[in-house]
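Colleague: Chain by chain, the residues run as shown.
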Amino acid sequence: EAGVAQSPRYKIIEKRQSVAFWCNPISGHATLYWYQQILGQGPKLLIQFQNNGVVDDSQLPKDRFSAERLKGVDSTLKIQPAKLEDSAVYLCASSLMTGSNEKLFFGSGTQLSVL
Amino acid sequence: AQSVTQLGSHVSVSEGALVLLRCNYSSSVPPYLFWYVQYPNQGLQLLLKYTTGATLVKGINGFEAEFKKSETSFHLTKPSAHMSDAAEYFCAVSDDNDMRFGAGTRLTVKP
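So the protein sequences, as listed, match chains A and B.
Position 42 (the first sequence) corresponds to 42 in my numbering; numbering is contiguous.
Each position in the second sequence, counted from 1, maps to that position plus 1000 in my numbering.
Calculated from the structure, these hints are not laboratory results.
Hints may contain errors.
Unchecked claim - Capping the alpha-carbon separation at 30 Å, the derived lysine-lysine pairs in BS3-like fashion look like this:
hint, chain 1, residue 1, chain 2, residue 2
1, B, K1068, A, K44
2, B, K1049, B, K1068
3, A, K15, A, K44
4, B, K1069, A, K44
5, A, K44, A, K78
6, A, K83, A, K15
7, A, K71, A, K44
8, A, K83, A, K44
9, B, K1058, A, K44
10, A, K78, A, K15
11, B, K1058, B, K1068
12, B, K1049, A, K103
13, B, K1068, A, K103
14, A, K11, A, K78
15, B, K1110, B, K1049
16, A, K11, A, K83
17, A, K71, A, K103
18, A, K103, B, K1058
19, B, K1069, A, K103
20, A, K103, A, K44
21, B, K1049, A, K44
All chains, please: the whole structure from these sequences, using the hints.
Modeller: This is how it looks when you write it as structure tokens:
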């Protein structure tokens, strides 16, 4: 079974530039998550989609971060403009459905360095 | 809101020794608890989870964890460490809405 695909694997940008990440979840998974993992910390949820609707975006810095999941499959996460503190690994995860006991499948992540 | 505390950001054991990674949680509702592992340059993978029922949960690669409500703990153990167990381990707690991760514990296995 194909896993969660993310691209690019690495990205280096200067502060105030824009960047976008792409995620393709496991086929048939209705729920998609974007997490931010800063070095030395655990993953922090940024946004959760159920199909193409947003379930939770309470921790998304909406002044600079945006995400969409058109057609309820692939998703993109954008940062505009980037700040130094956005340097982190951005993880995409998917699950078959939304539920507290559902297993999440994670992609390998996109490592972002903001200089 | 729930939260997770992992005691010890770095644990080092010898090959063949007992592995014990500590996790304490707080939750206002009966929690669902998870352990995920992250190998270098890979995404997180589920090791095991507790939802309801038996409090001793067995996972992949010989790991197990015990849910102790009185101690609000969900410590991860493995009787005998392998070199291949070297990785970052994350404890997570989930309620009806949200999954929160601990800061992680890096496990090093010495030959």
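Colleague: In ascending order, which of the hints set out earlier in this document are inconsistent with the structure?
Modeller: none
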